[in-house]
Amino acid sequence: MSAPSQNLGAPSSRGFIALKWARIGKVARAIVSTHHRNIGFGYLTISTIAVILGTLLSWAMRVHLSWPDWQLPLHGPILPEEYLALVTMHGTLMLFFVLTVAPQSGFGNLILPAQLGARRMAFPRLNAIAMWTTAGALVVLLVAFFVPQGAPISGWTAYPPLSASALAGPGEGLGQDLWLFSLALFCIGGTISAVNLLTTIVKLRCDGMTWPRVPLTVWGWLTAALLSVMAFSVLLAALLLLFCDRHLGSSFFLPRGDFINSVLLPHRGSGSPLLWLHLFWFFGHPEVYIAILPGMGLTSMVIGNFAHRRVFAYRLMIVTTLLIGFLGILVWGHHMFVAGMNPFAGTAFAAASMAIAIPATAKVLSWIATAWRSRPSLTTPMLFALGFVSLFIAGGLTGPILAQPILDEYLHNTFFVVAHFHLIMAMAGIFGLYCATYYWFPLLAHGRILSERLGKWHFWLTLILAYTTFLPMYLGGLAGEPRHYSRLTGLNAPAQALLGSTQMIQLHITGAGIALGLAQLLFFINLILTLRSPRRAGPNPWFATTMEWAPHTFDEPTEPSKDLPALATFRGPCHYSEDGASFLPQWEPPPQQPASEGE
Amino acid sequence: MPTILTPPEIRRPRRPDRDRVGEGDNGSGRRPPTDKRTGGNGDGDNWGDSPQGRHGPRERLSRARIGLFFALGGDMMFFVALISVFFVAKSSGHFDAYSRYINDWLPTSIPSILWLNTAVLLVSSVTAEAARRSMFREQDLMDEWIGLGRPISRRAALWLSTTLLLGSLFLAGQWVAWDQLAAQHVFFDSNASSHFFYLLTVTHAVHLFLGIAALVAALVMLARCRQLAKRQVAVDATVWYWHVMGILWVFLFILLEFCQ
Amino acid sequence: MPSTQAIPAALRFWHLPVDAAKHGHALDAQLLLNLWIALALVALAHVLLFGTLASRRRTHRPVHKFTLEYLPLAAFAALFIFLSVRAHSLWAMQRYVGAAPDALQVEVTGMQFAWYFRYPGADETFGRTQPQLVSPAEGNPVGIDPNDTHGKDDIVRSQLVLPAGREVDLTLRAIDVIHGFSVPEMRLKQNAVPGQTQHLHFTPQTPGDYAILCTQVCGLGHYRMQALLRVLPAAQFDAWLHQQEQQAAQQPGDPQ
Numbered sequence: 001m002s003a004p005s006q007n008l009g010a011p012s013s014r015g016f017i018a019l020k021w022a023r024i025g026k027v028a029r030a031i032v033s034t035h036h037r038n039i040g041f042g043y044l045t046i047s048t049i050a051v052i053l054g055t056l057l058s059w060a061m062r063v064h065l066s067w068p069d070w071q072l073p074l075h076g077p078i079l080p081e082e083y084l085a086l087v088t089m090h091g092t093l094m095l096f097f098v099l100t101v102a103p104q105s106g107f108g109n110l111i112l113p114a115q116l117g118a119r120r121m122a123f124p125r126l127n128a129i130a131m132w133t134t135a136g137a138l139v140v141l142l143v144a145f146f147v148p149q150g151a152p153i154s155g156w157t158a159y160p161p162l163s164a165s166a167l168a169g170p171g172e173g174l175g176q177d178l179w180l181f182s183l184a185l186f187c188i189g190g191t192i193s194a195v196n197l198l199t200t201i202v203k204l205r206c207d208g209m210t211w212p213r214v215p216l217t218v219w220g221w222l223t224a225a226l227l228s229v230m231a232f233s234v235l236l237a238a239l240l241l242l243f244c245d246r247h248l249g250s251s252f253f254l255p256r257g258d259f260i261n262s263v264l265l266p267h268r269g270s271g272s273p274l275l276w277l278h279l280f281w282f283f284g285h286p287e288v289y290i291a292i293l294p295g296m297g298l299t300s301m302v303i304g305n306f307a308h309r310r311v312f313a314y315r316l317m318i319v320t321t322l323l324i325g326f327l328g329i330l331v332w333g334h335h336m337f338v339a340g341m342n343p344f345a346g347t348a349f350a351a352a353s354m355a356i357a358i359p360a361t362a363k364v365l366s367w368i369a370t371a372w373r374s375r376p377s378l379t380t381p382m383l384f385a386l387g388f389v390s391l392f393i394a395g396g397l398t399g400p401i402l403a404q405p406i407l408d409e410y411l412h413n414t415f416f417v418v419a420h421f422h423l424i425m426a427m428a429g430i431f432g433l434y435c436a437t438y439y440w441f442p443l444l445a446h447g448r449i450l451s452e453r454l455g456k457w458h459f460w461l462t463l464i465l466a467y468t469t470f471l472p473m474y475l476g477g478l479a480g481e482p483r484h485y486s487r488l489t490g491l492n493a494p495a496q497a498l499l500g501s502t503q504m505i506q507l508h509i510t511g512a513g514i515a516l517g518l519a520q521l522l523f524f525i526n527l528i529l530t531l532r533s534p535r536r537a538g539p540n541p542w543f544a545t546t547m548e549w550a551p552h553t554f555d556e557p558t559e560p561s562k563d564l565p566a567l568a569t570f571r572g573p574c575h576y577s578e579d580g581a582s583f584l585p586q587w588e589p590p591p592q593q594p595a596s597e598g599e
Numbered sequence: 001m002p003t004i005l006t007p008p009e010i011r012r013p014r015r016p017d018r019d020r021v022g023e024g025d026n027g028s029g030r031r032p033p034t035d036k037r038t039g040g041n042g043d044g045d046n047w048g049d050s051p052q053g054r055h056g057p058r059e060r061l062s063r064a065r066i067g068l069f070f071a072l073g074g075d076m077m078f079f080v081a082l083i084s085v086f087f088v089a090k091s092s093g094h095f096d097a098y099s100r101y102i103n104d105w106l107p108t109s110i111p112s113i114l115w116l117n118t119a120v121l122l123v124s125s126v127t128a129e130a131a132r133r134s135m136f137r138e139q140d141l142m143d144e145w146i147g148l149g150r151p152i153s154r155r156a157a158l159w160l161s162t163t164l165l166l167g168s169l170f171l172a173g174q175w176v177a178w179d180q181l182a183a184q185h186v187f188f189d190s191n192a193s194s195h196f197f198y199l200l201t202v203t204h205a206v207h208l209f210l211g212i213a214a215l216v217a218a219l220v221m222l223a224r225c226r227q228l229a230k231r232q233v234a235v236d237a238t239v240w241y242w243h244v245m246g247i248l249w250v251f252l253f254i255l256l257e258f259c260q
Numbered sequence: 001m002p003s004t005q006a007i008p009a010a011l012r013f014w015h016l017p018v019d020a021a022k023h024g025h026a027l028d029a030q031l032l033l034n035l036w037i038a039l040a041l042v043a044l045a046h047v048l049l050f051g052t053l054a055s056r057r058r059t060h061r062p063v064h065k066f067t068l069e070y071l072p073l074a075a076f077a078a079l080f081i082f083l084s085v086r087a088h089s090l091w092a093m094q095r096y097v098g099a100a101p102d103a104l105q106v107e108v109t110g111m112q113f114a115w116y117f118r119y120p121g122a123d124e125t126f127g128r129t130q131p132q133l134v135s136p137a138e139g140n141p142v143g144i145d146p147n148d149t150h151g152k153d154d155i156v157r158s159q160l161v162l163p164a165g166r167e168v169d170l171t172l173r174a175i176d177v178i179h180g181f182s183v184p185e186m187r188l189k190q191n192a193v194p195g196q197t198q199h200l201h202f203t204p205q206t207p208g209d210y211a212i213l214c215t216q217v218c219g220l221g222h223y224r225m226q227a228l229l230r231v232l233p234a235a236q237f238d239a240w241l242h243q244q245e246q247q248a249a250q251q252p253g254d255p256q
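Protein chains in written order, with the numbering used here: chain A, 1 to 599; chain B, 1 to 260; chain C, 1 to 256.
Wrong hints could be hidden among the right ones.
Here are some chain A residues the structure puts well away from chain C; computed CB gaps all over 12 Å [said to hold, decoys possible]:
| id | residue |
| --- | --- |
| 1 | Ala-60 |
| 2 | Leu-126 |
| 3 | Gly-249 |
| 4 | Glu-556 |
Here are the simulated distance ranges between beta carbons [said to hold, decoys possible]:
| id | chain 1 | residue 1 | chain 2 | residue 2 | range |
| --- | --- | --- | --- | --- | --- |
| 5 | B | Phe-136 | A | Thr-45 | 39 to 47 Å |
| 6 | C | Ser-55 | A | Glu-452 | 18 to 26 Å |
| 7 | B | Gln-180 | A | Pro-266 | 19 to 27 Å |
| 8 | B | Phe-136 | C | Ala-77 | 50 to 58 Å |
| 9 | C | Ser-55 | A | Leu-471 | 25 to 33 Å |
| 10 | A | His-247 | C | Ala-239 | 52 to 60 Å |
| 11 | B | Gln-260 | C | Arg-166 | 27 to 35 Å |
| 12 | B | Ala-217 | C | Val-85 | 40 to 48 Å |
| 13 | B | Leu-148 | A | Ala-445 | 49 to 57 Å |
| 14 | A | His-247 | C | Ala-122 | 42 to 50 Å |
Just so you have them, the derived chain A footprint on chain C, three or more residues with Cβ under 8 Å [to be verified]:
| id | region |
| --- | --- |
| 15 | 35 to 47 |
| 16 | 78 to 90 |
| 17 | 183 to 190 |
| 18 | 223 to 230 |
If you are wondering where the hints come from, they were derived from the structure by calculation, not from laboratory data. Idealized CB from N, CA, C, for every residue including glycine.
Let's have the full structure, built from the sequences with the hints guiding it.
As structure tokens, this is what we get:
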């Protein structure tokens with residue numbers, strides 16, 4: 001069925017209806033499609049909804065913290081348990097539905113096959129199932145806001161016994177169950193999506209795409225997918241055990257003699273809450289590497305692209321990506337130094353955590369060396385990649401501080417930790433997503449480029465406001481300010497003396513944070529304006545060398561039976577001349593044919 | 001059959017330039033040595049030269065196997081997590097009012113029908129493997145491909161149905177085991193070890209139930225699907241999943257029987 | 001008040017509160033060292049980043065992976081190892097060994113949403129507790145078993161009073177959910193996990209009033225779960241303890 005291509009006079013009503021049904025059919029087909037492009041956009045839609053909601057929740061949190069008596073419109077004052085519910089849902093939405101979905105499943109589905117020279121993913125139908133499962137998980141999570149007693153209050157980490165008994169607080173009944181169910185769905189969807197990604201990378205590389213020629217973005221996706229497959233299963237097991245504790249009378253995480261709200265819990269057996277911490281953080285630490293690894297790979301490739309240079313120490317970058325992934329599995333105890341774990345185990349985890357700093361430093365050195373004295377063209381994607389490097393350094397260098405148990409004894413669960421992970425995950429991770437969007441926009445939007453002017457304003461405002469918002473949190477944390485407090489004023493005397501000095505910092509952070517959120521409107525304005533007024537750029541406006549920019553990668557076959565020309569790779573990425581003026585993309589056949597071809 | 005002469009490999013001299021980033025292309029500058037899955041008569045027929053999707057009957061199969069491998073890897077991590085919780089719980093205890101450390105792990109004596117169930121599952125693995133191998137027998141492949149009936153599908157369907165029957169027997173036997181335990185008032189929440197008995201056997205049974213659903217789907221595909229490659233993939237993937245679930249059951253059984 | 005004493009300039013820049021524990025000085029020194037190093041590295045990295053953008057394009061010169069990657073990596077590794085070893089020795093000093101045998105014993109119990117502190121009294125022995133006897137309203141917040149004679153002289157208070165200069169061994173317990181026992185001005189933090197007892201030992205140095213916070217989210221009252229730590233000079237503490245023991249003796253089996 002095709003829409004009429006010419007308007008030959010006044011359209012008949014039948015023609016209009018046919019056009020309308022053709023449009024609806026197109027949308028309906030896009031929704032149930034198994035094509036990776038539509039699925040990728042589906043994932044990005046999920047992430048966009050989640051990030052907008054998560055940002056609004058964080059605004060409510062910040063304003064309440066600064067002015068505790070402020071009344072949320074249409075709701076009234078935010079009660080302490082509601083504040084904790086905001087914290088829990090903000091963390092869950094952002095970490096799972098934005099930072100795991102968008103870089104890995106969203107952009108992975110959109111771009112990965114093209115970067116490998118493939119035209120499809122390995123399991124298109126499973127891919128679609130995974131996407132709809134993730135969408136269902138988001139819906140289930142949001143329903144938790146509307147059930148009696150509301151959303152759970154135990155944080156995105158859900159430590160039992162707080163999360164294991166409905167007696168421990170409001171929202172710990174049905175709200176916590178919905179949270180569990182939502183995350184269980186998410187784990188299943190995430191695992192299926194990761195299996196799809198892995199099989200595609202292993203089996204569907206085009207001719208000539210040997211492992212050393214695979215772009216670093218793909219190495220990032222590969223490592224993140226391997227971590228996903230391993231980590232989500234462990235989370236699923238932990239969620240199942242918590243569900244059993246909550247409803248089936250088991251005691252995996254509940255100790256004997258637990259006395260909550262004047263009720264002695266009736267279970268038999270003696271569990272340990274520390275077991276949940278081990279299981280959860282065994283998942284939780286690889287989870288944050290899943291969030292950041294694709295961005296790191298993209299940063300390497302984008303810096304190489306715009307500096308018109310080979311990526312410095314390419315093979316070392318592959319090794320460091322895999323090493324960060326591997327070491328990320330060994331360090332989970334650094335979230336538990338003061339949680340009741342054996343102090344000897346603390347030392348072991350501290351050593352492993354410091355070890356991760358080495359490959360991360362190697363990556364930073366490579367990024368700087370690639371761009372060093374290269375006179376890069378400072379387009380918006382390049383700016384966001386450099387911003388990623390900057391934020392990664394500013395947030396990452398406090399990692400080794402937190403990895404020392406004696407220092408973590410002071411800094412654990414203070415705003416210092418909040419600043420650390422927000423700078424790395426929220427800001428560097430989001431910068432990776434913006435870099436991806438600006439960079440691949442011409443590919444995904446049929447030749448349109450987002451406005452450079454608006455993009456640069458967006459970048460500088462976001463970068464400056466990000467630092468303005470999160471750097472002062474370090475100072476607040478060093479003052480001893482704890483996390484998860486629904487108010488930092490009106491406390492009793494010695495606590496007030498301790499925390500009172502940080503009130504100014506808190507007000508400042510609130511203002512900067514709201515401005516930071518508002519600055520993102522520039523991006524959406526840019527998006528809408530560009531989509532409405534097509535500016536057709538050339539097929540490879542950034543002079544990129546990776547396969548997704550090859551001509552005909554996104555072509556659809558005109559007839560179902562015809563094959564599209566096979567894509568082949570002839571060299572590694574980022575082959576630029578020394579002066580940066582010319583480049584040799586991966587898909588171009590070699591300039592001269594060797595004389596003896598004996599094949 | 002005419003003999004196929006394969007020309008000897010021509011050794012290319014390695015480029016001496018040490019700074020050159022190795023690109024895995026053996027110096028030819030074009031593509032790596034792809035293995036030649038020829039159609040029969042030597043060069044010019046290399047499936048590796050064709051676009052993706054036309055690389056021969058094993059392409060889809062190996063894709064499915066790799067996908068299944070990763071998915072089962074993740075699934076095994078799920079069971080690894082449960083089993084490690086098992087060992088932690090086994091050695092955990094609590095402090096009583098007199099500050100004495102009490103470890104109150106009471107091993108659950110498992111019903112002896114589980115031995116029968118294990119045997120049944122092992123036999124079902126054998127029948128499943130017979131089904132899988134019959135999908136790849138060359139003679140029958142040729143017959144089916146030419147159109148001389150469907151010997152593969154018939155034989156495989158027979159073995160698969162046997163596997164289905166045995167698998168259902170296993171699940172019924174598990175149900176009997178749970179009933180027997182319940183008759184002795186050993187429920188999920190009775191004590192720490194009973195948590196694990198029920199948890200491990202129920203999660204395994206759920207996985208096996210999915211395997212039975214896959215067997216049914218494979219049988220349906222054998223009857224209806226026109227492409228031989230698709231049928232091979234369906235049966236192969238189902239049977240590999242079945243084998244892994246069988247091996248997993250052996251581990252869980254040894255754990256529950258001997259390691260409590 | 002001592003908690004707002006003169007704070008050295010370096011601490012004031014970084015906003016650290018005054019530290020009043022014996023191990024605090026070494027911890028602060030390690031923390032400040034780390035912070036200054038991190039700040040210097042961040043500044044250096046940003047100088048390099050800006051430098052890459054500002055200067056002319058470098059023409060062809062041999063690129064040495066060794067000097068640009070492996071040498072700096074080795075330097076970083078040496079730096080991290082140095083910091084780790086220093087940190088480890090501090091951690092080991094605090095956590096690897098238990099308290100001295102003559103340390104003051106105090107039991108800390110966390111529940112939703114208050115901290116209670118129990119002293120063993122004249123017999124230097126804590127009485128048995130049962131969770132189902134926990135009832136702050138009836139004057140038995142930590143659930144002391146009335147049948148245990150050792151518990152009759154236990155002193156339960158909602159303020160933690162400690163002598164300056166003497167090591168104290170805190171036994172941390174939790175009744176219901178995980179709570180985080182934290183005294184920022186003593187540079188102390190340890191989660192109290194239900195079903196487990198944690199031991200934390202330190203030596204308060206400077207008399208004064210300090211804040212005890214809860215730093216592990218424990219429910220809707222998490223933000224107001226604070227207590228007061230009062231450090232008295234040794235003589236005053238002895239007097240206070242003696243007074244508490246006399247009160248306990250006058251009202252046997254009825255801890256406040």
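Consistency of the hints with the structure:
1. Ala-60: 16 Å, holds
2. Leu-126: 38 Å, holds
3. Gly-249: Answer for Gly-249/A: holds, closest chain C Cβ roughly 17 Å.
4. Glu-556: 41 Å, holds
5. Phe-136/B x Thr-45/A: 39 to 47 Å: 43 Å, holds
6. Ser-55/C x Glu-452/A: 18 to 26 Å: 23 Å Cβ-Cβ, so the 18 to 26 Å window holds.
7. Gln-180/B x Pro-266/A: 19 to 27 Å: 26 Å, holds
8. Phe-136/B x Ala-77/C: 50 to 58 Å: 52 Å, holds
9. Ser-55/C x Leu-471/A: 25 to 33 Å: 28 Å, holds
10. His-247/A x Ala-239/C: 52 to 60 Å: 54 Å, holds
11. Gln-260/B x Arg-166/C: 27 to 35 Å: Distance hint for Gln-260/B, Arg-166/C is violated at roughly 48 Å.
12. Ala-217/B x Val-85/C: 40 to 48 Å: Since Ala-217/B and Val-85/C have Cβ atoms about 59 Å apart, the given range 40 to 48 Å is violated.
13. Leu-148/B x Ala-445/A: 49 to 57 Å: 53 Å, holds
14. His-247/A x Ala-122/C: 42 to 50 Å: With Cβ atoms ~48 Å apart, the hint holds.
15. 35 to 47: It holds: at least three residues are needed, and the region 35 to 47 of chain C offers 6 whose Cβ sits within less than 8 Å of chain A.
16. 78 to 90: With 7 residues close enough to chain A, the hint holds.
17. 183 to 190: holds (count 6)
18. 223 to 230: holds (count 5)
Violated hints, listed in ascending order, are 11 and 12; each of the other numbered hints is respected by the structure.
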